[in-house]
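Could you put the whole structure together from the sequences, leaning on the hints where they help?
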Amino acid sequence: MQFLRDAVAYYNRLGVTIKRVLTDNGPAFRSKPFRQACQQLGIAHKFTRAYRPQTNGKAERFIQSALREWAYGWTYQTSEQRRQALHSWQHHYNWHRPHHGIGRVAPMSQLPVLRNNLLTAHT
Numbered sequence: 001m002q003f004l005r006d007a008v009a010y011y012n013r014l015g016v017t018i019k020r021v022l023t024d025n026g027p028a029f030r031s032k033p034f035r036q037a038c039q040q041l042g043i044a045h046k047f048t049r050a051y052r053p054q055t056n057g058k059a060e061r062f063i064q065s066a067l068r069e070w071a072y073g074w075t076y077q078t079s080e081q082r083r084q085a086l087h088s089w090q091h092h093y094n095w096h097r098p099h100h101g102i103g104r105v106a107p108m109s110q111l112p113v114l115r116n117n118l119l120t121a122h123t
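Under the UniProt record's numbering, the first residue of the sequence shown is numbered 1, with each subsequent residue one higher.
You may find that some hints are simply not true.
What the hints assert, rightly or not - Quick list of in silico lysine-lysine cross-link-like pairs, DSS-like style, CA-CA up to 30 Å:
{"#": "1", "residue 1": "LYS58", "residue 2": "LYS32"}
{"#": "2", "residue 1": "LYS58", "residue 2": "LYS19"}
{"#": "3", "residue 1": "LYS32", "residue 2": "LYS19"}
{"#": "4", "residue 1": "LYS19", "residue 2": "LYS46"}
{"#": "5", "residue 1": "LYS58", "residue 2": "LYS46"}
{"#": "6", "residue 1": "LYS32", "residue 2": "LYS46"}
For the record, the hints were derived by calculation from the structure and aren't laboratory data.
Below is the structure:
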């Protein structure tokens, strides 16, 4: 699955090694191609337990933020406008938005490769 390979390559460029991935039980993540891609990339794949939101707390928090700040935080004339705004919002969320859980800094500032040179990696 190319999206998984692309994600792993992106994080590798940022100095992050993907060792394992936790997904829900959706059919895309249960598929043979996803399993094979994880095996080829040396990634351990685990599934969340059904009906246990505690195991998916970070994802649930992200979804709440996305709904409040992106999906319903602005008025869009069409679904296409909303879709186009997603990339910009994700960039803001990861590179600029302070997160209370990590000391009111942006997540990207926590990466070892970027701590002293954030501007050169900023895209």
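Tested hints:
Under the criterion of a C-alpha separation no larger than 30 Å, the hint pairing LYS58 with LYS32 is consistent with the structure, at around 26 Å. A threshold of 30 Å between alpha carbons decides the hint, and for LYS58 with LYS19 the separation of about 18 Å falls inside it, so the pair holds. Distance restraint check for LYS32 and LYS19: the Cα-Cα separation of roughly 19 Å lies within the 30 Å cut-off, and the hinted pair is therefore satisfied. The straight-line distance between the Cα atoms of LYS19 and LYS46 is roughly 11 Å, inside the 30 Å bound, and the hint therefore holds.
With a C-alpha separation of about 16 Å, the suggested pair LYS58 and LYS46 falls inside the 30 Å cut-off, and the hint holds. Proximity of LYS32 to LYS46 is assessed by CA-CA distance (about 14 Å); at most 30 Å being required, the pair is judged to hold.
The earlier numbered hints are all upheld by this structure, with none contradicted.
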